[in-house]
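**Q** Residue numbers (the numbering used here), protein chains in the order written: chain A, 1 to 344; chain B, 1001 to 1182.
Calculated directly from the structure, the hints in this document are not laboratory data. Any given hint could turn out to be false.
As the list claims (entries may be wrong) - Partial chain B-side listing against chain A, Cβ under 8 angstroms, derived:
1. Val1026
2. Leu1029
3. Gly1030
4. Tyr1033
5. Phe1034
6. Arg1039
7. Thr1041
8. Gly1172
9. Val1174
10. Lys1175
11. Val1176
12. Pro1177
Glycine included, every Cβ here is placed at the ideal spot set by N, Cα and C.
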Amino acid sequence: MAVHEALAAIIGWPPIWQVLIIGFIGSLVVSIFAVWFERKAAARVQRRLGPYWASPRLGGLLHLIADLARYAFQYPIIPRRVDVVPFLAAPIAGLIIALLPLAVIPFTSNPSYWPLPPAAMEYSLLIALAIATLPPIFIIAAGWASNNPFAVIGGVREAFIIVAYELIAILGFLGAAAAVGSFNLVEIVAAQEGFKWLILLNPIAFLAVFIAIVMSTSAFPFEIPESEAEVVAGPFTEYSGILYALNMGGAYMRRFVLAILTVLAFLGGWQPLTPGEGLLWGYILPSIVVVAKAVVIVLAISFLRAVYGRYRLDQALDMAWKILLPLALAGIALGLIEASIGVV
Amino acid sequence: MAPRVGLRSLEKRRTLIDGVRSNIHVLMLGVKYFVNPRRMTLVYPREYPKLSEGYRGFIILKKEKCISCAACARICPSAAMKMIRVQEPDPKHPGKAKMKQYPVINYQRCIFCGYCVDVCPTEALYHVNYHDIVYDNLADMFWDLETFQREPEYKTAAEGRPVRIVIHEELGLVKVPVEDKA
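Chain A extracted, bound-state conformation (with noise of 0.2 angstroms):
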């Protein structure tokens, strides 16, 4: 056996395909796209003309190309003063296991192209919803390693707003498997057959866990950690460079992945499509078609930061804790409910 055809079997492996290919090439690619996006939405919405000098007839794409080559190659500093291990590690750890949810997430019914063994795919949203909340742990950490009033302030924020929404997406997604009565993620795009998605029949649940998902990774209403304009970047004030970008692009790149197991949970998967035999219709299509989706959600996050301010942090959790938290609790009893009828 050849050594190349070992590298193709080794990536050709499921999870370690989806966290490589989909995870880190596609949501560096989908990030770049959605903050184009954001930029050009806001500059729509706002009357001006957004990005373009650089690329007139691809309206500006380059610019941010050009952004991403700046921050590759731009020296990143260490201060002095930092906590120098963790100050490394926290950036690149919290990327990797923002990554890390789509090694248990199916992106097709066929069982050969599942990452995970059936018998343990009984359990993949919850493996999945486990490892999603452990990438704040390391913003917290690059916020106390940086030795920085804004960075630690700033980390004490995203401390306050993870306890407000782990909670919220974890009982809205509990919603979906309240409905349809797995934690198979398989199971639960099956009952979605023939638009009967879940958005449809339980809204309440996904505008939960869509809040809730804008809330953790820090987008526009909810910009608390990094606002600017009070604390300078929040947890990231001393990073510099490939660090910095890492740690900005590890919020969209969770932002994608939580879209992505949105998608499975109420937007029907890979649903329009019926996965068959063979890798293209089996495996490649049908990922395409989530991903495709989870675009659209991402998209729709990146639009609000045109229309919204940001809020303070006790306006974010009093809405948290005294608006969402019992609307997730509701889009349980709704699922609920709607299993016991057999709608579902």
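Here the structure of chain A is known, so what remains is to put chain B in place on it, guided by the hints.
**A** Then chain B, alone, in the frame of chain A:
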């Protein structure tokens, strides 16, 4: 006089319904502008604002009208204008030369206030209606007497198309194309 005592009711607390309604309203407004954008940005080198004739742009000298009174140099608030002495043939005594003073201008200092044009008793100075000219080095912005008498080339007009900006009640700023080139 005793201070007036009165009751002032607190503002009514916003209910949940109000919050939901205003959120939906702002999202619909955003989508409306996203679908139908009303951009006001002037894409500058490609289109430039056509300025009116009285605009205070670059200042040009008509040398034959100048009487060397130096009022322009004295009134200049930023000391951009200076008088220089040049030799000229004397019309009264043919064959002999005489010294005469003329103004020159330093566009590093000029603030385009136009006092020199206003104060000139013989209207020897006048404005052109453009001011956006780029120089490669600072030394080019010192104009000598020959440069001061020529209108500078307006390169923006060669590249862009002139527009006039009109204020509209609903649309904000509207750009109306103008045909003639400056």
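**Q** Give a verdict on every hint.
**A** Here is how each hint holds up against the structure:
Because the beta carbon of valine 1026 of chain B sits about 5 angstroms from the nearest beta carbon in chain A, less than 8 angstroms, this interface hint is met. Satisfaction of the interface hint for leucine 1029 of chain B is found here, the shortest Cβ-Cβ separation to chain A being roughly 7 angstroms, below the 8 angstroms cut-off. Residue-level restraint check for glycine 1030 of chain B holds (minimum Cβ-Cβ distance to chain A is 4 angstroms; threshold 8 angstroms). Checking tyrosine 1033 of chain B against chain A: minimum C-beta separation of about 4 angstroms stays under 8 angstroms; hint holds.
With its C-beta approaching chain A no nearer than about 5 angstroms, phenylalanine 1034 of chain B sits inside the 8 angstroms limit, and its interface hint holds. Contact between arginine 1039 of chain B and chain A, as hinted, is supported at the beta carbon level, the nearest pair being about 6 angstroms apart and thus within 8 angstroms. Using the Cβ-Cβ criterion of 8 angstroms, the hint placing threonine 1041 of chain B at the interface with chain A is satisfied: the shortest such distance is roughly 4 angstroms. Checking glycine 1172 of chain B against chain A: minimum C-beta separation of about 7 angstroms stays under 8 angstroms; hint holds.
This hint is violated: valine 1174 of chain B has a C-beta 12 angstroms from the nearest C-beta of chain A, more than the 8 angstroms allowed. Proximity of lysine 1175 of chain B to chain A is violated relative to the hint, the smallest CB-CB distance being about 12 angstroms (cut-off 8 angstroms). The closest approach between the C-beta of valine 1176 of chain B and any C-beta of chain A is roughly 17 angstroms, which is over the 8 angstroms cut-off, so the hint fails. A least Cβ separation of about 18 angstroms between proline 1177 of chain B and chain A goes past the 8 angstroms threshold, and the interface hint is therefore violated.
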